[in-house]
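*Asks:* Chain by chain, the residues:
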Amino acid sequence: MPDLSIDCAGIKSPNPFWLASAPPANSGGQVQRAFDAGWGGAVWKTLGTPIQNVSSRFGGHTIGGVRGAGFNNIELITDRPLEVNFREIYETKKKYPKHAVVVSLMVETREEWKDFIKRSIDTGADGLELNFGCPHGMCERGMGSAVGQEPRVNQEITSWAVEYSTIPVLVKLTPNVAEIVPHGLAAKRGGAHGVSLINTIKSIIGVDVDRFVLEPRVSGLSTNGGYCGAAVKPIALHMVAQLARSKDFGLPISGIGGVSNWRDAVEFILLGSTSVQVCTEVMLRGYRVVEDMLEGLEEYMRRHNFDTVAQMVGKAVPSYSEWGDLDLNYETVAKIDPQKCIGCQLCVTACQDGAHQCIHPQGSDMAVKLGLKAPNGGSHARVPVIDESECVGCNLCKIVCPVPDCISMVEVDNGFAPSTWNEHVTLDKKLRPKKGAH
Amino acid sequence: MTQPLSRDRSETVFEDYKGEYTPDQALVEANRCLYCADAPCVKACPTHIEIPQFIRKIATGNLKGSARTIFDANILGMSCARVCPVEVLCVGDCVYNEQGVPPIQIGKLQRFATDHAFEAGWRFFEAGPDSGKHVALIGAGPASLAAAHELRRHGHRCTIYEKRSAIGGLNTTGVAPYKMKADRSVEEVDWVLGIGGIEVKTGVTIGESVTFEQLEKDHDAVFIGFGLGPDTSLDVPGAKLPGVVGAVDWIEQMKLGKVPTDGVRSCVIVGGGNTALDCVREALGLGIPQVTMVYRGVEEKMSGYSHEWKAAQTKGARVEWQALPVAYEGDGKVQRVRCQRLDTNKKPIPGAEVSLDADLVLVAIGQSKLGTLLSQLSGITIDGGRVATDEHGATGRKGWYAGGDCRNGGKEVVNAVAEGKAAARAIHAFVTGASNA
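Line by line, the protein sequences give chains A and B. Going by our numbering, the residue at position 66 of the first sequence is 403; the numbering climbs one at a time, nothing skipped. Going by our numbering, the residue at position 362 of the second sequence is 407; the numbering climbs one at a time, nothing skipped.
It should be emphasised that the hints constitute simulated quantities derived from the structure, not laboratory data.
Some chain B residues judged to face chain A by a derived CB distance under 7 Å, without partners named: (1) 76; (2) 81; (3) 82; (4) 140.
Each residue gets a CB set at the ideal place from its N, CA and C atoms; glycine is no exception.
From just these sequences and the hints, can you work out the full model?
*Replies:* Below, the structure is given as structure tokens:
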């Protein structure tokens, strides 16, 4: 049976699924229920000088009827009394000694950092997470992403924390930067034991078009908030992978950003995360989503013969290459399985309007002109035909096709030896003729 | 405005069979639509409503645009949403059927959008500038209404001549009430007539109170949209007994007034078409305990839609396949129907008979064709009782066009709308000199 337990920068947990520092990890009652549901760890809602929040605080991005596909918030750090928070962390850790409890902190002065870190360690917590990421409210007070966007400040505060801490320190990075690597390296120079990323992305979730006010509305105004949820996953994956493949970095990563199910989690792990943190999916659907995450991860590990999560970490990182090192002579064309095709012709429109005009309806003028015959065994006359001599293998048809595995991109043996752009430029390697570029 | 209907109508006991969507249900269903290219549902619709577009507009909250898309193609889109046999038209061709996924409920979405338009009082079309042309339309059913509305968009004055007092044709007098009741049809007629410039003269029988010659003289073109004639009957002993009635007559009476059902314990419906199936469900719905359909062929051969027959069965319908009434029997009124058993070739099986109790017999074996009314007009060809036309609805007589049941022999409302609209475009071309057809 695969072993799901992990050790992320010295913080151990029975599985890689942690609640991110956010509303689902706001109180002892919540975190304990989450642990009962199966979560392996929790990063407590950020502690600092308690603040006062606005209402409303959350905004949802509905896409094609899917509510909360993207999500944002203008909530700040904890608004609960510090002593209550510390007491509940203590009680939780006492009750769940094998689970990971990480205290997220955001304060200003060196003295405050020292004080908060000491009180955090006194709770028995397993680690600290320095919140250098929050992109709204706190940054205007010189904290959160105001720290995360300045490598020098990041490094300095990290070094204070590491100096005062006897438990592992993770630095939570903001994605609101042009390049993530310098910020990861700053944390490393400060002595951090690992990083967690991404925090939320600066955003305006939407506009109330009848009131002419941004959402979420606070009386007659609103402000930019932090974007998160399933929609941000690609951005998060990129930043995680950027750090994972940086030769100078090499610290453990706790991956965050749009993890909604086991598959998302596996992707984060394969790109270098040791643990994954989840907030939005829990906010939308509750702690119970972890059941599928645990089962799915375990089954995946079984399928691929991974005994430990550590064996998976970073497994896909080597495939992350530069564009110039991609083989330009590798050629694919789209194939439609006529038995599976339901005749919606979404691929026809996508190819005609959005790609290279090589998919045609059977019997259309172009299909006849090009002599494109109906596929053998086609279930009906609406199975489109593909002009393979024009198909650039772009993948758009496969993306719009509503039938799983109906369209596949099939490799073509064009007789050309592999050649990348870099090889073409430096070694004058031969490139195949371009398709669809007339 | 049309004449108000009686409030006391037999049909009012029926509830909607398919029901209406709540906004939430409509949104969920609309978001399921794949938005197919060159969509099969559009092709399956005789009026070619841009179905993926109107559904997408529901999904985005653009309900007004959604309704506009529907009405632009089919001005009777509200009633068609209710009465269309979508199972064999748009919904039947939804590509989800190919995937084993429940097809999009296009009829219910169309109803959602069009009902909303009616409630909100939206109107989308204005009459064109007056062309000075005047078109006569015979019959006030869906074909003529669709034709007249289209003609008005081009600015042609219209006069509809209707022999009944009720307007709307079978939409008002014939649609199964669990799909649509007469008052909804009348509301739609008023909505269509709201474009202005369409005069409806009721109680006028062309060929009697107004001669064809006069009609032709007074108008620049004529559209024939008078549908079908009375029920046909079986020429068997007892055909005149009280209690033996034509199905279409009976349905009209149920929709516009009252049909007597007190003391009716068993009803036999003769036929295997959609009118027969309507009668089965209507008789059951009115509380007649035992309702039996008698059809001379086998189930697979009946012309009624299988989905309608399935629905009838769930209501408790009985059936005698391969049976032909040979006599209606009874003392002063019908009490029994004596039937001859037939083999699969519809040939009598000697000595095989069955007798069914019946206090009411509804004969649903078709309606007569009215084409012969026109036989005195040179140039108009009657083919098997239908008015023969070209693909645009033009008859062989200059300026005379036809559409709907009198042309197609009896199809759906949506076919009548499509034919009426196509004929209107041909008439427009004719009266404006763009065509000599």
